[in-house]
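Asks: Here is how the chains run, residue by residue.
There are 2 protein chains.
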Amino acid sequence: MTRQELAEQIFKKGSFLCVGLDTDIEKLPACVKSEKDPVFEFNKRIIDATLPYAVAYKPNLAFYEAMGPAGWESLQKTMEYLPKDVFTIADAKRGDIGNTSGLYARAFFRYFNFDSVTVAPYMGSDSVKPFLAFENKWVILLALTSNAGAFDFQTQELHNGKTLYQQVMETSTQWGTAENLMFVLGATKTEYLAAIRKEYPDYFFLVPGVGAQGGDLAAVAQAALNKQGGLLVNSSRNILYAGNGDDFDQKAAKEAAKLALEMKELLTLYSA
Amino acid sequence: MTRQELAEQIFKKGSFLCVGLDTDIEKLPACVKSEKDPVFEFNKRIIDATLPYAVAYKPNLAFYEAMGPAGWESLQKTMEYLPKDVFTIADAKRGDIGNTSGLYARAFFRYFNFDSVTVAPYMGSDSVKPFLAFENKWVILLALTSNAGAFDFQTQELHNGKTLYQQVMETSTQWGTAENLMFVLGATKTEYLAAIRKEYPDYFFLVPGVGAQGGDLAAVAQAALNKQGGLLVNSSRNILYAGNGDDFDQKAAKEAAKLALEMKELLTLYSA
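Residue numbers (the working numbering), protein chains in the order written: chain A, 1 to 272; chain B, 1 to 272.
Just so you know, the hints here were simulated from the structure itself, not pulled from any lab data.
Accuracy of the hints is not assured; some may be wrong.
Treat identical chains as interchangeable: a pair holds within one or across any two.
[Unchecked claim] Below are the DSS-like pairs computed for lysine-lysine, each with C-alpha atoms no more than 25 Å apart in a straight line: (1) Lys-27 - Lys-129; (2) Lys-264 - Lys-198; (3) Lys-264 - Lys-251; (4) Lys-227 - Lys-137; (5) Lys-27 - Lys-84; (6) Lys-36 - Lys-77; (7) Lys-36 - Lys-13; (8) Lys-12 - Lys-258; (9) Lys-227 - Lys-129.
Note that this is a predicted model, so its numbers are computed, not measured.
When you get a sec, could you build the whole thing from the sequences and use the hints?
Replies: See the structure below:
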């Protein structure tokens, strides 16, 4: 999916919501547990229910890997089920030496047909560039993450006065462009977001951490929406586990609708 | 496996060789291609042939993920096939927010029963600690990697005068100990290794990059062997693809034996 197509989806749906498909087999409602593939069945109902409100879906690979080969089959079915006009993110946080990153890229872009993969920057250029070599596919590079550990290294100041995450953003924008590179910026770090947006007016940001992790949607939107939307805000647990009865999908839809309604207003306010 | 047990294996076999099971389905010899699970069949014969010379085996997850669910089955069979007295490394380079890292840890330590996982440090403490919570299991943290991109961020100097990889080592040794934490240090960076060993006399280092990537085994050993061995030197392509006929496993054994012979001498010289 191109940046233009993603922007169109955002304004068409009036939403920049990404639903995190962090499907934990231990948290599934009883009504799907008897299905042959409970994880896929759960995802399918979540997708059906939230599709009017979401422009992106982001399975976190850890949840699928934890189930072994069966998890990969659930993921594959989920990817085949998702309609082509939503943006898909493999939240995998991969990164390895060049030929190995190329294999990960093939796995996510060709085998599963994801639009994008989250990538860790620590190993530098040749660990990231193989992911950027696929047409109309995206790298979403970890910059400033939503967790407490972000302060261990990402915010460390380098001798040139920049913090590590600033250096990561500056260096990586020499490898990719706003057409194939996005950044992960945690919603719990809103005090940084406005300055980052000023420096990178055109790039899309993937912002996790709204909801369970405590981030504030309005503050994120005010700081970082741009004319193309320029934001994907992720919510996982708050949507997936809003209910655990037979109507879990309707509860999920209600949560997604609430976020999308707020997003519509925020788009009108800050994305004019 | 404990540090003591690993050291015992090293001196028993007179080798600190790790065989990287980077099994690329496109490079397999014709004689295994007709097997039901060619990747497992290849691994099995490589393991049988190299077992006298190797103390550790390290499948790189990318190679298995690139094959979808079938790859995970090949990996699972490979792990079940490996004897209990070799040290196993999931070269996965994972790292995510706390609860998610916990799931990756469960996948590799419980589902596949690996002894260790390579972990990327960028997301900090809560992304690494869940892996350290498993008894007799290891984190092998990326510090200074063997690829060219290592110079993009890892060797950047911080305002406190340390480089990023030095800071990663200093900070992470507050989370783990020499009993459950190792570091990845590339064989192509031997000029750094002696100084690192001086600062961290007890920690094990996993050193990739000998062979195809150009690292020098004798220089690595001189710089970094300690009284427990303290090193695992990985070789992948040079061993796996030493031959591509019916006798590929014997060719692999020959390469492994050559390395092990050199290692035995180096252990006598530098690990007294």
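Asks: Now, for every hint given, state plainly whether the structure supports it.
Replies: Right, here's what the structure says about each hint:
1. Lys-27 - Lys-129: between (37 Å within a copy, 23 Å between copies)
2. Lys-264 - Lys-198: within (22 Å within a copy, 58 Å between copies)
3. Lys-264 - Lys-251: This pair counts as within: shortest intra-copy Cα distance 20 Å, inter-copy 64 Å.
4. Lys-227 - Lys-137: within (21 Å within a copy, 49 Å between copies)
5. Lys-27 - Lys-84: neither (28 Å within a copy, 33 Å between copies)
6. Lys-36 - Lys-77: both (13 Å within a copy, 24 Å between copies)
7. Lys-36 - Lys-13: Intra 33 Å, inter 47 Å, cutoff 25 Å: neither.
8. Lys-12 - Lys-258: Intra 17 Å, inter 64 Å, cutoff 25 Å: intra-copy only.
9. Lys-227 - Lys-129: neither (27 Å within a copy, 40 Å between copies)
The earlier numbered hints that this structure contradicts are 5, 7 and 9.
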